[in-house]
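Peer 1: We have chain A already, so just place chains B, C and D on it with the hints.
Protein chains: 4
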Amino acid sequence: MKTVRQEGAVRFSISVPASLAKQLDRMATEKGYDNRSLAVADMVRAHLVEHHQQFGDKEIAGTITLLYDHHKQHVQAALTDIQHDHHEVIIAALHVHLDHDNCMEVLAVRGKAALIKRIADELIAAKGVKHGKLTVTSTGKDLAS
Amino acid sequence: MKTVRQEGAVRFSISVPASLAKQLDRMATEKGYDNRSLAVADMVRAHLVEHHQQFGDKEIAGTITLLYDHHKQHVQAALTDIQHDHHEVIIAALHVHLDHDNCMEVLAVRGKAALIKRIADELIAAKGVKHGKLTVTSTGKDLAS
Amino acid sequence: MKTVRQEGAVRFSISVPASLAKQLDRMATEKGYDNRSLAVADMVRAHLVEHHQQFGDKEIAGTITLLYDHHKQHVQAALTDIQHDHHEVIIAALHVHLDHDNCMEVLAVRGKAALIKRIADELIAAKGVKHGKLTVTSTGKDLAS
Amino acid sequence: MKTVRQEGAVRFSISVPASLAKQLDRMATEKGYDNRSLAVADMVRAHLVEHHQQFGDKEIAGTITLLYDHHKQHVQAALTDIQHDHHEVIIAALHVHLDHDNCMEVLAVRGKAALIKRIADELIAAKGVKHGKLTVTSTGKDLAS
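Protein chains in written order, with my numbering: chain A, 10 to 154; chain B, 10 to 154; chain C, 10 to 154; chain D, 10 to 154.
Bound conformation, chain A alone (with noise of 0.2 Å):
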């Protein structure tokens, strides 16, 4: 694992199966990446961004998207007082009428992961919540760019 040191940038060797190898070259040119290396370096950051939200009292970013019928009963409601529950952690919620019926709604938050959780799964297990999900990011403090 020899690495050189450029311009605050290491460069280092790995080692993978040769069609493996071909895949990701495959994979980076079609997602738009320059090089394998930018490729790989956002992959690292991803993974970076997963393991750390195991860490319950660690501090994160991101989203939670919820669908659901505003004719259901209560369901507005419901997801409104939990939100003013933790009106701290909540940053900001993004609302858009997808038809008539249905709408998406995706709330900015940060704050300890273990707590952004708990409020993702009282949120999508209301009554009324068609599909919800938690995207986990970092606050970017310590997320090399």
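No lab work stands behind these hints: they were computed from the structure. Keep in mind that the hints are not guaranteed to be accurate.
If several chains are the same, the list does not tell them apart, and a pair holds so long as it fits within one copy or across any two.
What the hints assert, rightly or not - Pairs of lysine-lysine residues, derived as BS3-like cross-links and limited to a Cα-Cα distance of at most 27 Å, are as follows: (1) Lys150 - Lys67; (2) Lys121 - Lys40; (3) Lys31 - Lys81.
Just so we're clear, the structure is a prediction, and the values are computed from it rather than from any experiment.
Peer 2: This is chains B, C and D only, laid out in the frame that chain A set:
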């Protein structure tokens, strides 16, 4: 990118920020990998699985979450250019200023799955984006509640 | 609402929350009005000017800002119903939880000016909305920069 | 100014020119109010909000609406820089892609009136911004509903 073939494996070198390399090594150890190559190979495989998910011409709604340092040259201009090229698909973007440097931007999108996947790839691969994620939900029409 | 006519003036009674009446009186004093009636008359005139602004069939963009206590019965359901009736005009809504009770909701809108004015009036008049405001800008097309 | 208290509400009578009373009633009907009292209460609240924003250290909530052509050199970078300098005050920004060139950006803000006024001035004066507007509401705490 000279590669030396040995027993079906290829060796190639990549260049990443020094601090990212350090975080990669720590994560690889915490996850129990014997070496960096095995860890990277597994990450590549995980991303291939996601990349090969079928995204057809079905209409979906969803979000694209992006984390970036807005000081990185041109990152924001690049992201906005991509978004305006597809303003029929991108309903609105919610921008949160996490701190002096880091932004979280959440795009509410709606359109053909394959197109949205392509836009998300382009945005996430953009130079300066630290982390990005496509979250897919339904438009709600064919999802009973 | 019996009214007693005297010298071109009419006297009528209105009913408002006690704390609001108190705030009205303090403001009337601070602004230098001799009595409550003169203050209210001026407010009515100011609102008439805004109300009579011409809103034609020109396409505009803008925002509708609403402040409400989400605990007030049905206010949120009512607002969402109005919004979904006009989901072609309302691009997205940004919802901010100001505290345990108060919400600020900002609707990004785009469409014919007269229709948007009508929707804003309906939302602002909805029971439970403490304060609302229509802010008009242009779609940018015919505004040189 | 005799006031009759009943269940948290007070009833008082005001005297205005006959023609103004008629115009008030027509406007209240056109805006969709159930009765004259509700219309007057909303006008009083609207004027309280405006009255309070004169006091620089009073906490307000509100929005800053900006219209700009994102192709204009550096406009977006400039706006983002200003926003990040004040990320404690700017809760979130909603960005709408009006067409290939024009963006409407709506910032939800909360803080001391004087500071918010200053930030709005700075953003609206930024080169490349075609139109901008500060819309002030209350944080809701001291506005009776």
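Peer 1: Each hint needs a verdict: does it hold in this structure or not?
Peer 2: So, going through the hints one by one against the coordinates:
1. With identical chains, the CA atoms of lysine 150 and lysine 67 are at most 27 Å apart within one copy only, with a shortest distance of 12 Å there and 33 Å across copies.
2. For a Cα distance limit of 27 Å, the shortest separation of lysine 121 from lysine 40 across copies, 18 Å, qualifies, whereas the shortest one inside one copy, 32 Å, does not.
3. In this assembly of identical chains, lysine 31 and lysine 81 lie within 27 Å of each other by CA distance solely inside one copy; the values are 22 Å within and 31 Å between copies.
In this structure, every one of the numbered hints holds.
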